[in-house]
Every structure is written in C-alpha cells, then in structure tokens.
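Chemist: Protein sequences, first through last, are from chains P and A.
Counting in this note's numbering, the first sequence runs from 1 upward without gaps.
Counting in this note's numbering, the second sequence runs from 1 upward without gaps.
No lab work stands behind these hints, which were simulated from the structure alone.
Just so you know, even glycine gets a beta-carbon here, dropped at the ideal spot from N, CA and C.
A hint or two may mislead.
Think about it this way: if two alpha-carbon atoms lie no more than 27 Å apart in a straight line, the pair counts; the simulated DSS-like pairs of lysine-lysine are [to be verified]:
no., chain 1, residue 1, chain 2, residue 2
1, A, K234, A, K10
2, P, K103, A, K123
3, A, K101, P, K123
4, A, K121, P, K101
5, P, K53, P, K234
Rough simulated footprint, nothing fancy, chain A against chain P, three-plus residues with beta-carbon under 8 Å [as the list claims (entries may be wrong)]:
no., region
6, 44-58
7, 228-235
Read off the chains here:
2 protein chains.
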Amino acid sequence: MPEAYPHGLKTLTPGNTIVEALNILGPGFRLVPLDGSSPYVRPKAAMYDFNGKERRWDVVESHSSVGVILYHRELDAWVIVRQFRPAVYATLLREAEAAGKPKPPFSAAFTYELCAGLIDKSKSNAEICQEEILEECGFRVPLEGIREVAVGIASAGTQGSPHIMYYAEASGGWRLAVDSSMAVAGAGGGLVGHGECIEVLALPFHHCQPFVLDGSLPKSPGLMFGLTWAYFNKLNGSLGGRPAAAKEEAEAANGNPLLTEELTLRPVLPA
Amino acid sequence: MPEAYPHGLKTLTPGNTIVEALNILGPGFRLVPLDGSSPYVRPKAAMYDFNGKERRWDVVESHSSVGVILYHRELDAWVIVRQFRPAVYATLLREAEAAGKPKPPFSAAFTYELCAGLIDKSKSNAEICQEEILEECGFRVPLEGIREVAVGIASAGTQGSPHIMYYAEASGGWRLAVDSSMAVAGAGGGLVGHGECIEVLALPFHHCQPFVLDGSLPKSPGLMFGLTWAYFNKLNGSLGGRPAAAKEEAEAANGNPLLTEELTLRPVLPA
Numbered sequence: 001m002p003e004a005y006p007h008g009l010k011t012l013t014p015g016n017t018i019v020e021a022l023n024i025l026g027p028g029f030r031l032v033p034l035d036g037s038s039p040y041v042r043p044k045a046a047m048y049d050f051n052g053k054e055r056r057w058d059v060v061e062s063h064s065s066v067g068v069i070l071y072h073r074e075l076d077a078w079v080i081v082r083q084f085r086p087a088v089y090a091t092l093l094r095e096a097e098a099a100g101k102p103k104p105p106f107s108a109a110f111t112y113e114l115c116a117g118l119i120d121k122s123k124s125n126a127e128i129c130q131e132e133i134l135e136e137c138g139f140r141v142p143l144e145g146i147r148e149v150a151v152g153i154a155s156a157g158t159q160g161s162p163h164i165m166y167y168a169e170a171s172g173g174w175r176l177a178v179d180s181s182m183a184v185a186g187a188g189g190g191l192v193g194h195g196e197c198i199e200v201l202a203l204p205f206h207h208c209q210p211f212v213l214d215g216s217l218p219k220s221p222g223l224m225f226g227l228t229w230a231y232f233n234k235l236n237g238s239l240g241g242r243p244a245a246a247k248e249e250a251e252a253a254n255g256n257p258l259l260t261e262e263l264t265l266r267p268v269l270p271a
Numbered sequence: 001m002p003e004a005y006p007h008g009l010k011t012l013t014p015g016n017t018i019v020e021a022l023n024i025l026g027p028g029f030r031l032v033p034l035d036g037s038s039p040y041v042r043p044k045a046a047m048y049d050f051n052g053k054e055r056r057w058d059v060v061e062s063h064s065s066v067g068v069i070l071y072h073r074e075l076d077a078w079v080i081v082r083q084f085r086p087a088v089y090a091t092l093l094r095e096a097e098a099a100g101k102p103k104p105p106f107s108a109a110f111t112y113e114l115c116a117g118l119i120d121k122s123k124s125n126a127e128i129c130q131e132e133i134l135e136e137c138g139f140r141v142p143l144e145g146i147r148e149v150a151v152g153i154a155s156a157g158t159q160g161s162p163h164i165m166y167y168a169e170a171s172g173g174w175r176l177a178v179d180s181s182m183a184v185a186g187a188g189g190g191l192v193g194h195g196e197c198i199e200v201l202a203l204p205f206h207h208c209q210p211f212v213l214d215g216s217l218p219k220s221p222g223l224m225f226g227l228t229w230a231y232f233n234k235l236n237g238s239l240g241g242r243p244a245a246a247k248e249e250a251e252a253a254n255g256n257p258l259l260t261e262e263l264t265l266r267p268v269l270p271a
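Isolated chain P, as found in the complex (with noise of 0.2 Å):
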C-alpha cells in the first residue's frame, strides 16, 4: 500500500500502521440512533435573546484539548499521527450514498492530526503534553521545552470548544543508547485492546508545504495552521535551528539517512 506514505511519510511505529489497522478494521460499519447517554457528545439548545427576540442555536458539548507541533531534530521531520476516524468515515458514507456512489475505502478516513489529547485530568497543560508525546508518540521530551503557541476554538458553529496548540522538539538521535527521546517500539499507537490504532509518522521538514496543500489527504486544520507556522518559522530561523547546512545539502542529494534506513526502535516505556 505504497499510497499510504506520500510526501516522504515514514512510518516510525512499525507492526502499527495503516495496513495493520485495515487488516483488523471492518467490514460492518453501522450508524445507530444516539440513545442521549454519550459521555463524548452531549447536543443541547442554547437559547438566547438577539434584538428582543428569543433565539435557539444548536450546540454540542465536547471537552477542550491540547495538541503539539512536534520537530525531531535528527530526522529533520515533523512527528504527526494518524488513525482511523469514525466520524470522518461516517461523513464519506453519507455523500457517496446521497451521490449514488460506492462506498468509500476505510483508509479514505485515516486523519492526520497533531499528537494530541483531552485536557481531562488534574495536570497543567504542558504535562498533558509531555504524557500524549510520550503515549501516543514514544518520545520523552522536557517540560520546559513545551511552549504555547496559539489558541484555536474547534468548530465555533457547534462545539466551541477551545484547542490549545504547543510547540516541542524531539532530539537526541535514534540510536543512542540513553537520552531524552527515543522512540518506543510498537507504541505510540495508543491501546490496540481498547480500538485505538494510532501510526506515527515522520513528515521530512521541506515536505511540509506540499503535504499541507494536498488536498486529497483528510487533515485537521490544527495540524495544517501549526505544520506551515513553524515551518515558515524554522524557516525565518526565529524557531531554533535546524540540521546543519551540510547534513542539509547532503540530505537534498540523497535524502535524510535516517528516515530511509530502517529505524531501530528501543522501548522506553514500562510494558
């Protein structure tokens, strides 16, 4: 399934991808009526004046999140996720069907998203961070090198609900025996047991623009506004620096070694 790595996507949770999750996805795939009970999707009517007149505007009450523009300095990449969506694949099914058309290929509702996470818990923001980088990503990174960038409010029409974005580094290379960011192997990827399947992938930095821009690849807009910030950014070289000029030219020759080698993963996390 070579479609599945475009713009120099590489996947760094081998035995966690898109193929393994098509191959234990599926094949029923039913909408049922919501029976009012959802701890995720809470619809209400809110109900208000506007010019002496009373107003009814349907909302959906849903829980504030983080998510984390993610750099690894020695693969030169940005560290995104991707995974099934349930409500993604719902919307496809529903205009194929009003279209007359077949239905639509699960892989078509693989989203790519920023490692993120509901702020659901008694921590400060920067530790849910710190806990979604590691659970979902398998990389340790420091506290204090997680720092807010921006604010988005997640469909103002309906959920309102805000979407606070931060920027960290990975660093440390890959195969060093100890330091702050090594990868897990099989994890970030989320709990398998409990229908998570979540594939890390590395995104090269200059394939930025170009994977933004294609259309074709369903994306949140948190991922595209934070991606083309810090690309530009690191760019400007107001956003720390990069690899060296000549791994750089070297890696326009013949491409980042470590993102065409295979990639030797060492766990880190308790099993």
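Got chain P; can you put chain A on it based on the hints?
Modeler: Chain A in isolation, oriented as in the chain P frame:
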C-alpha cells in the same frame, strides 16, 4: 469598547459591529435538552468492528463548508468576520461554572473566522464562495479569482466534515465609482432579523501573525491556517503582488490611510 479592535483591526461594517451586537444580545442564555429534531446537530453512534470486537464511537453529523482567505489589495489587509457563537459561549459558561467563577461576558464569545458558508446548495464551491463574499463581506469578486488552497477536516473526532479553503482578492479601491469590489454599507453582517450579526473586519497585512498568535482572541483554526499560509506566501512573493514598496514604506511610517480614515461605503446589493 476600544479593546474590541486589537492588532489594528478596523470594522468594515459600521452599524453592524460588536458594540451593536452586544446591545441587542441577552440577558438570558440557557441550555436546554435537544429534542432530537435538530437539522444542524444530528448525534449518532457509529458501530464498527476493530480487532474482532464491536466498537462504538459517538459522532455528530454536520455539513461540509467552504472558507475564503480574503485579501484586499488597496487596504493591504485581510478581510475576516466576527460573530457571536452560542456554542463558544456555552463552553465558556460551563468552564466558568466548573471553576466557580462568574459568568463570562458575551463579548468573549465573538469569534474571528474566515468568511465561510455551508455547502448546501446546488452550486459549485467557487460559486458558494463568491456568494458568501458578497453576502457576508459585501465584495464582488470574479469567479475565476477564487482558487482552492487546501482542505481541513473539522473536528475529526466528532464531526469529520470537510472544510474546503479558498483564496481570493478584492480590489478596485473604496472610492471608485464603478468597480468590482465595493463594500455594502451596513451589509456584510448577515440578517439581523434572522438572528445574525456578522461584523466584517480589516486586519492590516503585517498584523497577521501577532493577531493569529494572540491566544486571548477566540478564532477558528481555519482562519489561523489560512492567514498564516497566505501571509508567508505573500511575503515570499508566491501569492501575487502586494501594494508597491513606496506605499508600503509610507504605511509603515503612517499607517495605511484607507485603514485609518473613515471609510465611505456604497451599497451595491439590491435592497
């Protein structure tokens, strides 16, 4: 209410501003259970098989939409909209209640967004963009000047609906008798009688990034991506020309006179 216009924002819709909207809003705001018949918010449970087990993911059906990154040449400014979003207020209210804080002001729920609209007509997306630019912002832009930039998936976790983003430029100047980009006095802004009050704002070109990164101002991720992408591409010269350098220098020294004088707007829409 000077704090309503930070980062050099200038209203383009006198008579339809946040000040007016706040005067006709409230005081009542309450959330009631949704009766299940909403055409806007349709919660469902998606049932699917993953790793041999049946999984459930709660989703909300919603419409696909278009958004337009709009740059006005003579103003050398981004044209964006701001409106009261009940879903944003409901979230702020819930958070304030959970934290034992007083009710937030309504002004905190006026969200900055791209000119946008739902894809719910039998027209091309470019035609819907053209219509929204005229109805919401009061500019006539030629269809061939509207080009697709990128696609974001809104709220992949719960909604998963495509938000297709376009770029367009308005031009012609404010004071020409006949042109293709006149603003409509008091228009833009939607229909107050329908409970809408959309303020159209000009954001000076170079205030783009401080504005986008100001976490105290609620704004959509689509706007954040769109303005950031267009800003850097215009700086790089890869997105058409900006006003002549001489004008730019004068502006840096004195501000753009079109953005500091009172604007005289002429109606072009049918009454």
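Chemist: Compare the structure with each hint and give your call.
Modeler: Evaluation of the provided hints:
A hinted pair counts as satisfied when its Cα atoms are at most 27 Å apart, and K234(A) with K10(A) qualifies at roughly 21 Å. A hinted pair counts as satisfied when its Cα atoms are at most 27 Å apart, and K103(P) with K123(A) qualifies at roughly 24 Å. The straight-line distance between the Cα atoms of K101(A) and K123(P) is roughly 19 Å, inside the 27 Å bound, and the hint therefore holds. Taking the CA atoms of K121(A) and K101(P), the gap is near 19 Å; set against the 27 Å cutoff, the hint holds.
The straight-line distance between the Cα atoms of K53(P) and K234(P) is roughly 50 Å, outside the 27 Å bound, and the hint therefore fails. Beta-carbon proximity to chain A at under 8 Å applies to 14 residues in the region 44-58 of chain P; the threshold of 3 is reached and the given coverage holds. Proximity of the region 228-235 of chain P to chain A, defined as three or more residues with a beta carbon under 8 Å from a beta carbon of that chain, is established by the 3 residues found.
Going down the numbered hints, you'll see the structure goes against just number 5.
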